[in-house]
Structures are given as C-alpha cells and as structure tokens.
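Undergrad: Protein chains in written order, with our numbering: chain A, 181 to 978; chain B, 160 to 356; chain C, 692 to 960.
It is possible that part of the hints are untrue.
[Said to hold, decoys possible] Subject to a maximum C-alpha distance of 20 angstroms in a straight line, what follows is the list of computed EDC-like cross-link-like pairs (lysine to aspartate or glutamate):
#1 B:K198 - C:E706
#2 A:K702 - C:E777
#3 C:K745 - C:E777
#4 C:K752 - C:E737
#5 B:K200 - C:E723
Calculated from the structure, these hints are not laboratory results. Predicted model, so just to flag it, every value in this text is computed and none were measured.
One letter stands for each residue in the lines below.
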Amino acid sequence: MTNHWRDIRHADLMLINGANPAEAHPVGFQWMMRAKIERGGKMIHTDPRFTRTSAVSDKHLRIRTGTDVAYFGGLINYVLQNNLEHKEYVRFATNASFVIKESYNFTDGMFNGFDEAKKVYDTTAWAYEIGPDGFAVQDIDHPRSVLNLMRAHYSRYTPEMVERITGIQRADFLEVAKLVGEMGRPDKVMTIIYAVGLTHHTTGVQLIRSGALLQLLLGNMGRPGGGMNAERGHANIQGNTDHAISWDILPGYLRIPAPGQKNIDDYIARSAAKKLHANSLNFFGANYRKFLVSLLKSWYGDAATAANDFAFAHLPKPASDASWLSIFDAALRGKMEGLMLSGMTATSIGPDSNQVLQALSNLKWLCVMDAYSTTSSEFWREPSIDPSKVQTEVILLPATHWIEKDGSFTNSGRWAQWKEAVLPPEGEARHDHWILAEVFDRVRALYKEQGGKYPEPVLQLVMPYKDVRRPELDEIAKEINGKDLITGQRLTGFALLKDDGTTTAGDWIYTGHYPESGNLTKRRDGIQDPAKNDPTGMGYYPNWAWSWPANRRVLYNRASADSLGRPWDPKRVGIQWDAVTGRWTGDVPDYPATADPAKPDSPLPFIMTGEGTGRLFSNGVADGPFPEHYEPIESPIDNPLHPKVSATPVAFKYDERAGRPNRFGTSADYPYVATSYRLTEHEHYVTQHVDQLVALQPEAFVEVPAELAKEKGIATGDRVRVSSKRGKLEVRAVVTARLGPLTIDGKKVYQIGIPIHWGFVGINTSQHWLANALTPFVGDASSRTPEFKAFLVNIEKM
Amino acid sequence: MSEVEVSRRQFLQIGAAGTGVLGGLSPLGFDLTQAITVKQKLRIEGATVSHSVCPYCAVGCALLAYTKKNADGKVELLQIEGDPDSPVNEGRLCPKGASALQLAVSRRRVPSPMYREPGAKEWKTVSWDFALDRLARNIKASRDRTFVTTDANGNLVNRCEGIAFAGGAAFSSEEGYLATKLMRSLGYVYLEQQARV
Amino acid sequence: MDLDSRRQRAWHLRERYPFAQQMLGVYVAVVEVWGSLENELPPPGELASWAGEKMLPGVVKATEAAAPQPLAVATHDLARSGRAVEVLAGWLAGQELGPAERFLARACLQAPLEALREEAGTACAADPAPRGGRHCPRCGGLPQLSIRAGADDPLVRGQRQLSCARCAHRWQYSASSCPSCGESTGARRTVYAEKHDGPVVSRTADGGTELFAHLSIDACATCQRYLIDVDSGRDARAVPEVDELVALPLDLYANEQGLSKVTPNLMGF
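Construct all of the structure, not just a fragment, from the sequences and the given hints.
TA: Next comes the structure, spelled out in structure tokens:
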C-alpha cells in the first residue's frame, strides 16, 4: 500500500479491482465502509464475481477476468479525451512533459526493441531524449512528449473497445468513467484497492501500473485517501518482502547483482536510478552505494573492507530468473537437488500441481519446516502417487507458530507491529530462526572441517548473537536497524548511513525503527486518546508501532501539496509547508524536511525516482513502457486490439523452452473461463487444520453460473468434473447468479469460480482435490507471478 | 512521579490496605463475613495479557491474548480478542482471527522431527540432532555439487544453483531477515516467498 | 447524572449478591441525598463550603440511618467537629484523608462535581495532580474503576474507559496498559477473573455459571496496583459504579495477592 488501512476513510471514490475485501480482509474493509458512511464516498467493485463486496458497493461491474488493463485503459482514455486530468499535478509531479526518443514505436501489439530469438524486449530502447545538459528533454507539447504518446496509445481504448474486451457494457462503463473523471479535481480524491485478483496474471504488473497511471493523471498519488493500495494476503508477506526473501532483491529493495558486474561500481551503474532532471533529488539512486555497503558490513563485518570492495564477490549473481516457477522448472529439468520450505506448501500453492508433484519427486531431498504437516511434506503419498517410486528424502521439522515467538509483523500499510511471545513452543517445536541458525552453524562446521566450494561467505558471515544457534529476534531487530561502527550507537535514520564502511544496516528502510531509545515497533499510542495520539486528526497515529520508511504513513506525500507546498485539499492535508518555522508539517515528509518549495531549485516531488516525478512512461517493466491489454495465455478470444499478437509476446513459457509437451489448452477443448479465489473462512491451506473453520467451510466446491448450469443440467450439490489441459477436480457444484455470462467480442462467455483451499492433508482428507491442478504454469513477464486467475476449463456433470 | 503524587498514592492506599479484615469487619464497620465465604468458594484464575498480531491476512489486527500458567507449569491460551486501542482494527476481529486460538493450540501439530527415507511408505520419528545433521550434510553436499564460481562467460558469480528456499509469510520480520542473510551467504539464488503466489 | 438507574441497579444487585446488602443500602441512601440536588448548579469556586451547607446534613442523616455503627458515628462526629468543610476542601485539593473523612467527602462532593461537568476542573484547581493520561483529564483525580464498552458484535472488543473517583468523569485509556503506572509489557499485566470452563472464542454470553462474569481484577506486577474492571459487553445492564461495589470478594482476593486498589471506592474497598 502506498497509503494505509485507516487512511482509506478519506476517499471520495474507491475503485476495488481484483479484490474482495469484505470477505478476504473483513476488518480492513471497515475503512472502506467508513469512507462510504461517514463521508459519502462511492464504492465501485469491478470483479468477475458478485461478492459481499459488490453487495455493499454503489456499483458492481462484472468484468472478464484478466482484462483490467482494458478497463483502466478505457478510464485513462476517458480522462484524457475529456481533459479531466489534474493538469497542475500532471505538470508538477509526473513525467508527462518528458520527450521520448524517436525510435519509440508501438504497432499491432508490439513495442520497439523486441528480440525475436530471446523473446524479450530490450527495455533500454524505451528512453528519454537527452539534452546537452545530460538531462531528459522536457516539452509537454512535443508530439513525442509522454503525455501525447499516452494520449495516442490509449485513444484505442474507447468505451466500445472496453466492452468488447471486458464485457462491461458501454453505459455502465461510462457511468463509472464519469465518477472517475471528477476525481481529477483538487478537492476530490480516489483510491484504487486491489489484491491478487490483479497481480496473479501474465499481465499482473501492467494491470497495476495501469491503475497507477490513472492515479497519477488524476493527481491522487501521495494524497491521503488516494494511492495504489495492495491488500496483502499473509500476515507478514510485506515484512519478508522488505527483507528480501525474493530472488531478485537484497534487503530494502536493492537489486541482486547480475553476472558481469565485477564490482560495486558496475553494480551501482546498472542498478541505481540515474538523475534525469536538474532538480531531481534521486535519493534512492544517489544513496544506493551507502545502503549496499552498510548491508555488506552487517553481513561480513571485518571481512568486508574497502580494499576487497566490501566482499561484493560474496553476493551470488543469478544467471536468470529464480522465482517460484523457475524453482520447479529447474527441478523438472533435473537441475534442483534440494528444497527447503517453511510455512509454504509448494504442492498446493503453485500453479499446475501435477507438474509440481513431479518436480518434487525429482528432488534428492526436501525439508519442510512447519507447525502442521502439509501437502508438500506428504507429497510422496498423494492419493495418485506410489511412494515406493519416489526417491526424494524428506525431512519434516516441527516449527513454532506465530504466537510462540516474538518479533514484528509488517502489515499491508507498512506498519511494523511488534508482538510478544504468548505461549512457549508446543512440544518439540522449534523456532524457524533457531532451526535455520543451527543448520547454518552445522554447515559452517562442516566447511571448517572438510573445506568445500567457496567457503568464505559461509565462514565469514557475522553472527553477532549471544547464542549463534539460538539468536533472539530482539538482537536481529537491532542488527536490521544498524549502527555507527565508530560510536557503537544504533542509528536513528537511514540518512546517517555511509559508504565508507563505518556504518551497518541490515535493511536500510528499517533503519530508525530501533534507535538507542528502544524498539519503536512496540509503541502503543492508539485510539485510546485520539486528541493526543493523532495530533493532525488524519489518522497517522505516529506513535502506534512504526512504519517504513522513517515512520512515514503515506508514501510520496510531497505530491499531496502543490508546487508551493499548499495542500491540494486543505481539508485532507498530507504535508504542507510552514513558512514560519521553515518546515514541512503533517505526516513525516517524503521530502527534505526543511526544503523551501518556493526556491527555484527545490527538489521535484518524487524523491525516489531519477526523474523526480511519477512515471507515466517507464522502462522498468519487461512488457512495455505503457500498459497494454494482452489476452491471458489461455483465452476464449483473440485480442480485439491486435489479434495477431493476442497474448503478451514476452511471457516466459517454461514448458516450451524446456522442450516439455505443451500444457496450454484452447477454447475448442476448454470453452469456459475459470478463475480461482479464496473464502472468508479459510486462509490458503493451513486452516484445513482448524476445526471451527473446517466446520464452517467443510468441502471443496466450484461455483457455476446459473445459465450454464441449466445448459448442462447441473444442480447445486451435483458432482461435477472440472478439467483443464493440466488436471481436474471432481467436486460439488454450487449454482449461482454471482457469476453471470458476459458478451465478449460478440461471443457469450461463462466464467467458473474455483475456491482454492482444499487438498489431501487436513481434518477432512476426503477432500483431496488441489484447485491448482487446473492452473497454468506461466507467469507475468516482469515478475513471473503465476497466472492463477484466468485460464480455460471444461465442466461436465458426473 | 512527583512527590505529591507519591503521597497521594500512599494515602489513597490506606483504605485498600485496610481491608485486611479485623474480626470480619471493615475499617468503616461493614460486616464482611459473607463476602469472605463467597471469596473462599470462588475459582479465580489469573490470566496474563499479551500483545500479539493476527497470523492470517495482512490487515495487521492487533490482538490481546490471555494466558495462564497451570499448576503443572504448562501455559494455556485462554482467549484471543481484538485490541481496542489499535488504529487498524479498533478491537474488531473476523471469524478467522477470532478462531486464531485454534490455529495456535491444536492436537494436530507435528509432534517431533520426522524422516522419510527415499522410497519409504511411512515416516520415522527422529531426534532433532539426527534431522539437523542430515539437513546440514544435504545442504553441504548439494551446495558443493551445484556451486558455480565462474560462469561460461568468465564472470565471477559465486552461486549455488541446486538448492531453493521458499517460505516466510508467517515469519516474524526478523526471522525473514535472518533467512535471507543465511541463504544468501550459502550462495542461494532460488529464494522465494508468498509475494508471488 | 442518571440516579434512577443507579438506584435500580443497586436494588437488583442486593438480591443477586446478598453479601453486599449493607453497602448497597448505604449507597442507595447516599444516592437519595444526591437526588436532592435536582437542577441546582453549585458554585465551582466555593464548592466545599457550598456542599458543607447543602449536602452535608443530608449525608450525615442518611449515613446514621443506613450505615454500620462505626461509620455512622464517625460521620456524625466529623460533622459536629467543625472540620467538615476543611475535609471537603482537602478532598478537592487531593490531600490525604482518613477512611471516614474520605467517605464523607465523596458522599458530599461526587454529585455536585458530576453536575458541574467541565467546571469540576475549576472546583479541583487546588489539586496539583496532572490532567490526562492516568489522571482524570477534567479534575486530576485517580481512576476508581475500569469500564469496557459493550458492542453488538461478539467479535468486537470495546474500548476501555476509566472512571474518576472524584468527579465520575470517564475518559478513554489504553485497554492493555496499567492505569496506575502505564506498564504495557504483557508478562507484567494480569487479569484475575472467575474461572471459565473451556476456552473463550468470542465474547458472546454463553451460559456460564460465574457469579462475577462481567467483573475482573485488572492488576499490574510492576506497581502491585489493581482496579476492578466492569465489562459492559458481558453484562449490558451493568452500572459500573454500582457493580464495582459488589466486587468485594474480588477485592478481598486481590488483597490476598498483595495488590492494592488504585483508589478505594466509596465504601473503603
């Protein structure tokens, strides 16, 4: 979230796409209801299904799954065609006026820079015209200004085209577009709320970017009640992304180095943003080296010196993508020997479960650390598998649960909240961090004893804990915060980090959360005393827990005020310039605290980008500088915009690349669109072990549109077989009006709903079907987030 | 605390300290005999109130968890409720959060380290020492077999290609950081959690 | 100032908690005196002398009629000693008083202070105690009891209020911090309550047999203080000030544990 849960109550209009907060985030949903009830905010729910969120929305738009780029594109076009953008904001805070190089081109679904052999774009081909001063050329009236290119790009997204692609009828679309168009006024603000219904697509990144573009055009980024707000699905997915349990980053969103980067200079040149405007602060790019060196000092201590480039060589440099799908692809290719899973069941979670089961069988060894047995720890006795044929060695380690250990969780709104250890570990269970620390210590002992491949990082890693096999989370929190190695004092903020090896920080975005005065994530000054604890009245509650970065509650909040520092809407102040004290007041400013905005050289508002502005055009994504609608890999139609390039040309097709047989189906064999989703009563797969929740939702089912059910003679409670090219489910049908038919490009299209929560492990083991047996093994071109939400199936009554 | 406040406290305490009952009468003369009998029959238990955060979705609902220590030394979780001070949830919980107690305390927990040999049809119960030793040796062997120091283009890459680590959405942040630190130091490139799935 | 509900609740509780009959009787007698205040607004600047004239005679009479002999005698003597106004002024200034003096001061002053609302702060201007936080934001008094708000939804935990021992004003306070010293570490905070059979998943009344289902002891190991907590979510009809009086057995239990109440109530517990 750029904003945070409580902040949503400031919104005048809420676009909820690919999310069902009333059921999936019920307590967070109160803030949307409060916007509606307390300030008359309107709620638009755009989703394939009519859910409890739709039920309380002002309007539900039934959309074909995976087509939100066309919907947002249509809204962008509506705003631009009718001159409804927030013009002052667009000029001040976006790259609308930047001029793009002449080589930029988009024809028939293809951007320039495509490499036919590798099937990727050279993203550096999407670049600004650079002037003699070395900065990007700016001229908003130039035919190749970002704004004019954008206008041309989205002019194809007419209401008629939106209807052909998404199934949203023109009149309904225009009704919503009219509301959205009003949000470009300075005294109005809109929020976009989304969840995995947007991210879990081959076009996931662009789905979200298209929303962000709309928000920038309307001047809603950085404002209270505005922003792009992702509702994350797991308690600490945010914190553990921040700390980089992700192949492509190091803690604090520093990029993982790539092969060929011989030293830190090389790395910085390829990773850090370049300053593209004279008044761009380019804070992240300019300080990248400090953050990396402080990280390397935390990890390698005295072994990291200026002379050895702070042990940069120790950082692994991946050859290619190493995300979720790539792990199992490598296993299928016989390249993966071992897999360690903690609180995550590969078998259930990933797409194409049958292929994943094969991948697990190819491993030499598997270690599962979990409080409960999972479909991964038990994969070798999945009902269709003969255990004697599975040669994988499996270790199952009983891990403690969240309530048996302390430490912090970072919520969707980036608030890091400390929790206490409430219970002692159950039975023989051990904390995950103790298991990992002890295993590491044992591996280290083996390297000391026996030697081996490149042992230096293993031997030199600093483990500054009282007990190296049982570190305290409090000790680790202090390490994450970092300190000044000269004074020995913990630092109060990341501005104090240095690149000369005299500071440490395990994760720079958390520097300042644990200064010498104490752990700020423990703070509890909440709504028991609003007058004292929420001095601005805007709901920031600065002394409740701590939010990254720097306890800032709304990201990009400099853009909540105009160029002179006056809030766009005086009733909803993010930050504002106080000329008397010479400071920005309100939220913690996303800006230098004393920078006078009236000065001609004052920094541009988006301090983290090289441009100094928000990016309407960006080469940071793999599949296009502007979001474009592409069909899902499995689709009932050809793309009406460019039928010859129907799906994105840059989605990585693992099976094809590896020479495995095709596992994608066509609408001839699988005529129905399917989408998967979650239910209120379950969380992923772990709740199959919770009696009360299993009692509430005991059995796997699929939701079938009433008209289709009638065609097929299916009644609620009948057993049906739902199959894709990859697998099948045999479960009961729930016939529903919640999933109506759509007319897509003149064709009647049905969507079938697949709740995901069941498997062959849990209280009710007769429900052994894995929903992901149906889903395709393909992901987004940039992030490789798998396509769980749009695929083709057939359905038969059994 | 100011001296004034201390003295106020002391004097205000008198009444309460004075409930130390003399002959069944309170200092103001109330007859406490019946109340004492009632008190003696009461089954009172003390619950410690701890702060937690809900383990399910990422709204981040603050919880208050009530526990008590039994005579046998075992700590029992009595109740979980929303923390009414939280600016996030204001004391509210959803059905999952309200039943979080059942996720925490369950007879279905994995009882001890388990081991399944290649081709075996059943688990074997093993000791922690055995399990961690096996795991450490597997890591070392796979790392040594699949470690690439220099790639085909002559670049120094120092990566372990044959082991993947995935997990962590239920880790405390500090655990997640440690996992990253340790796995990267082993040279892992395949690192993943629930952010994508 | 809803005296009817307090009166009715006291009558109701007398039947349910026979051990507290005598105290509830004294309480009802004092409430009758408060009723005589009607709509008269006392002068906040001279409250002690005003109450000495308007309230004291009624309180003495009611106490003599309803209270056990030691309290009745002490009250009578105080009133005749000529020190009564001084005692009342002392209470408003936060001075140290003896148990009977405190009874007299509270019985005479609570109703006028309640009637004064915000002006209660003016009446207690001589008290140097801080305002806000663990003290009453209005008059600086200490909390008498803790109240948990009720909620229609069993999955909602209501906010906590503290009620002032002097002016009965209520203010919001952290649900999980000590009202006496501010301690918030979980391991230091204990709630003593009657044992409930089986785990409690929601706050729905589930037919438990406890005598004090809605009352508990909110205690702190750091300062060894406690307050009685009245949970309106468990008994929507509770009138906290009255219900706190019947928590007497819990008070006795707390004392056995070495705990002392942040402020003793009107009856000295």
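Undergrad: All hints are to be evaluated individually against the structure, with a verdict given for each.
TA: Consistency of the hints with the structure:
| no. | hint | result |
| --- | --- | --- |
| 1 | B:K198 - C:E706 | 17 angstroms, holds |
| 2 | A:K702 - C:E777 | 46 angstroms, violated |
| 3 | C:K745 - C:E777 | 15 angstroms, holds |
| 4 | C:K752 - C:E737 | 23 angstroms, violated |
| 5 | B:K200 - C:E723 | 34 angstroms, violated |
Hints 2, 4 and 5 from the earlier list are contradicted by this structure; the remaining hints agree with it.
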